[in-house]
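The task is simple: from the sequences and hints, build the whole structure.
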Amino acid sequence: MNNDSLVTMMFDNILLQKGEYFPSYVYRLMQFANFMEASNLLDILQISSARKIGETLPRWVVVLVSQNYPEKKISQIVDDNLLGTYWRSFIEESEVAQFFYDQKHKPATGRVLFNGEKTLLPFQSIKLCPDCFSESVKSYGVGIWQAQHQAATAFVCHKHQHVLYQRPVTQFKGLEFCQAFFDRDEYFQPQITIFHRWLDFETRRIFQMDSNLYREEVQLHKRVFMESSFYSSKPCLTTTNLNKQWIEALYKYLYFLFPYARSQAQLASQSPLFKPSDIMDVDKTTHPLIYLLFKYFYLFEFKA
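Residue numbering for the sequence shown follows the working numbering, starting at 18 and increasing by one per position.
Just to be clear, a hint being listed does not mean it is correct.
[Stated by the list, open to error] When the alpha-carbon atoms are kept at most 25 Å apart in a straight line, the in silico DMTMM-like pairs for lysine to aspartate or glutamate are as follows:
1. K320 x E219
2. K135 x D96
3. K69 x D119
4. K261 x E244
5. K292 x D217
6. K135 x D97
7. K251 x D300
8. K89 x D29
9. K90 x E110
10. K292 x E318
11. K261 x E134
12. K35 x E219
13. K89 x E110
14. K301 x E110
15. K312 x D300
16. K292 x E244
17. K155 x D202
18. K176 x D148
19. K90 x D119
20. K69 x D200
FYI, nobody ran anything at the bench for these hints, they're computed from the structure.
Rendered as structure tokens:
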């Protein structure tokens with residue numbers, strides 16, 4: 018059997034399920050092909066640099082999806098299996114299309130869809146609802162990691178009202194070792210607070226709204242953030258005060274929300290990639306996590 022036939026057989030027999038997180042689907046492919054070395058399978062799938070997990074649209078996923086699915090299905094996979102319905106509202110479709118093209122056709126690595134994505138990666142975790150997992154075993158014969166649970170600001174399974182179990186992506190050592198990473202027994206259920214639930218509520222709104230409508234809401238909020246008593250494009254006391262309060266608030270939020278990444282909170286909070294002026298700019302993309310944290314800061318904490 019040649020490599021193309023093997024890949025076709027795998028994708029024909031191990032089906033990507035609706036709402037299944039795509040990186041965990043690749044883990045299932047590797048389970049199916051346990052008769053060969055993991056490194057050999059990754060070579061056959063042309064996956065050569067998947068050392069991280071939790072990125073928005075990593076190059077290896079774009080290449081794999083493009084090579085094994087018809088063009089008309091790719092957008093559906095991005096939305097259902099790669100959280101597109103979560104992050105599309107924060108970026109123009111033309112930028113997504115250009116990014117997808119670059120990931121597919123240009124060999125350079127390290128591209129990110131959102132500024133600061135690499136800085137925020139340590140705060141990401143893979144999440145699991147045990148009841149969803151058990152139900153998928155009954156339905157499909159295999160356990161499924163739900164894509165919507167993987168949003169950076171999701172903390173609850175709304176179907177079963179469970180706090181999601183987590184495992185930090187920093188513990189992921191590469192796809193060839195993913196069997197150990199996706200071991201259910203290694204996931205833990207954290208304590209969450211009303212702040213986690215506020216973010217989770219906002220996240221659920223994103224999933225429930227049309228992405229174009231939510232994009233309009235994001236742009237409206239950005240214009241509200243830019244009102245004169247809150248911000249000035251020229252150096253002044255108001256802007257200095259805003260920047261200082263935001264750095265302190267962002268550090269507090271990251272430290273509080275993501276206990277497993279507290280050592281990264283101060284560095285991330287001081288990153289120039291998360292300047293208020295960039296967050297408020299309607300012509301610039303903002304990572305969903307940073308946007309929602311800034312929205313909370315603006316609504317509830319900023320003191321002019």
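Hints the structure fails to honour
none
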